[in-house]
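Chains as they are written, first to last, in this note's numbering: chain A, 1 to 408; chain B, 409 to 598.
These aren't lab readings, by the way, just hints derived from the structure by calculation. Since we're looking at a predicted model, the values are computed, not measured. Please note: incorrect hints may appear among the correct ones.
FRET-style restraints, in silico, Cβ to Cβ [what the hints assert, rightly or not]:
#, chain 1, residue 1, chain 2, residue 2, range
1, A, G22, B, D416, 29 to 35 Å
2, A, M104, B, Y498, 30 to 36 Å
3, B, Y498, A, Q54, 23 to 29 Å
4, B, D459, A, D38, 18 to 24 Å
5, B, N428, A, A55, 29 to 35 Å
6, A, R86, B, L422, 18 to 24 Å
7, A, V107, B, L422, 43 to 49 Å
8, B, D416, A, R81, 43 to 49 Å
9, B, L422, A, A80, 36 to 42 Å
10, B, L422, A, G22, 27 to 33 Å
11, A, R3, B, K476, 29 to 35 Å
12, B, N428, A, T103, 23 to 29 Å
13, B, D557, A, E78, 31 to 37 Å
Partial chain B-side listing against chain A, Cβ under 7 Å, derived [what the hints assert, rightly or not]:
#, residue
14, R445
15, G568
16, M585
C-beta: ideal position from N, C-alpha, C; glycine also.
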Amino acid sequence: MDREVEHYDVILQSCLEQVLKGQETLDSVVSRYPLQADTLRAEIQVALLLSSRQAAFDPRPGYISASKRRLVARIQRETARTEEARREKVWWRQAGLRLKGVTMQLVLAALLIVVFFFTVDRVAAASVSSIPGDTFYPVKTAIEQAQLAVTFDDARAMELRIEFAHRRIAEMDQLALEGRYDEILATSSAFEAQIQASLQLLAKVEKQNPARARELANSLQTTLDEQANTLNVILSIVPENSQAGVRQAIKATQAASSATKKYAKPTESPETSGSSSPTENPTRETGNSGNTGVGQQKTPEPQGKKATPVDAQVSVTLTVTTTTGTTETQASPGEPKPSHTPKPKNTPGAASVSPTEEPAPTNPPAPTKESRPSKTPRAPDSIQAPTQSDVTDSPPGKEKTPSPGKNK
Amino acid sequence: MPEQQATDDVQLLLKAQAGNAEAFGFLYERYSLGIFRFLFAHLDDRLDAEDLTEEVFIRAWRSLPNYKEQGVPFSAFLYRVAHNALIDHYRTRNHMNRDVEIDEGILRDIGPDPGDLAIAGIEAKELRRVMQQLREEYRTVLVARFLNDLSPEETAQIMGKTVGAVRVLQHRALAAMRKLLELARGRENG
């Protein structure tokens with residue numbers, strides 16, 4: 001069927017073309033197909049009519065060219081309008097985004113602040129126990145710098161410097177224990193810088209408030225004594241090729257100790273003794289001034305205060321240090337009967353003597369438990385000195401037991 | 409469609425799709441006459457046909473980003489747009505398409521001998537009126553085949569039918585047209 005229709009259409013088209021071209025007449029082309037003649041003729045006539053009457057369906061003259069110009073102009077206008085609208089939309093979108101961005105920024109800022117304060121505490125806590133070379137150690141030093149930056153009182157700044165010097169010694173101690181000797185020299189330099197800054201501040205405070213300066217000098221002296229003890233212990237731990245930094249720190253301690261003496265005063269009066277002698281209060285953070293320990297006259301053991309077997313501790317310490325056989329060791333404590341003990345609670349670098357232990361001159365020198373500096377805030381896997389026990393807080397033997405809720 | 413023209417169309421299209429209005433203007437020149445004739449054959453007003461022709465090309469321009477020549481030449485695409493525009497025009501103008509289906513049986517009864525049909529003298533206006541009476545499909549195929557000189561294949565693409573269907577449609581459209589012309593002639597004479 002399709003083939004017949006196609007064939008017929010071909011014939012029709014052929015005949016139509018021949019007639020339109022004037023090559024044949026309608027009768028002549030139709031006569032060639034007698035079987036389809038009637039239909040062919042009728043359809044060719046209509047087709048001829050339509051083909052010859054194309055003009056009947058044409059536009060007005062000139063329409064095409066004029067309408068083309070109109071069309072192109074209209075398209076160009078539309079394109080320009082679209083582009084302008086798009087640019088405006090972009091601007092609005094950007095403005096909207098900016099506006100939204102401002103709100104978003106505020107929200108993000110608020111979130112960041114919350115996260116910051118939530119994490120900074122954790123980071124700060126993690127940084128406290130860090131030592132040079134640890135990830136959070138820069139945070140620790142940054143916090144220290146920040147503390148100094150907001151401290152405008154020279155006396156308070158000096159107390160901070162003393163604390164930081166103490167931390168450097170504790171760090172050196174831990175570095176030595178962990179065998180990280182490379183960091184010791186730099187830490188020693190940092191310690192020395194803190195000591196020097198302390199002395200400078202002491203000079204300023206002395207001009208402003210001599211009494212306060214005396215207190216600070218005593219505190220500094222105590223610290224220097226403790227640090228000297230610790231440094232001597234460290235010296236015994238580190239290998240020879242790493243001892244330079246330790247010796248440097250010891251020398252700084254000695255020099256500072258000498259420089260501090262001119263600010264300190266003998267404190268045998270009850271006032272001074274009553275004013276929080278370090279013997280009675282082992283805690284360091286109070287910054288209590290007190291009688292100087294080594295090299296100074298000693299105060300009598302206070303009455304009614306928390307008693308600690310100070311003398312015994314110190315004597316043990318002395319024994320230990322003296323038996324290390326170094327001249328520095330001899331020089332720094334020097335006194336056979338110091339009246340002040342290192343406060344074990346916050347003294348990671350303090351001479352590690354358990355106040356609960358009986359003084360035993362025969363105790364072996366470092367590295368014994370007694371001589372080893374306590375490690376306060378370190379992780380549980382580090383060596384914990386017995387001096388860590390809370391002498392001042394609870395009687396011996398009454399250790400803090402973890403509450404049931406804490407253990408899982 | 410000659411191959412050269414097809415190639416030219418592709419290049420012009422690419423330029424037009426890139427935003428070149430002048431390139432689209434050339435395409436307009438090439439196809440506007442056929443579109444106009446198509447529209448005019450369906451409308452009873454030349455001015456409407458002119459307006460709608462421009463509208464068709466504006467729509468085509470806007471649809472260019474979506475046009476992809478995948479077996480459907482641009483001309484067929486234009487006719488599709490024109491067909492849709494026509495429908496929208498009818499709806500807008502509330503113009504009922506006087507698409508009266510011619511009962512071919514009646515025409516056979518009253519139709520004169522085709523051989524004696526003198527249709528050469530029919531005026532253009534009459535011709536258009538007769539065209540208006542045909543079914544839309546008949547009108548389309550006749551416009552495409554005999555007014556716009558499109559091949560059966562091109563017509564098939566425009567109408568979305570097979571070539572065989574177009575040929576059958578053409579055959580019926582010519583017959584119906586003939587009948588209507590005879591009727592019109594008969595009324596004149598009569």
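Hints not upheld, ascending by number | 2, 4, 8, 9, 10, 12 and 15
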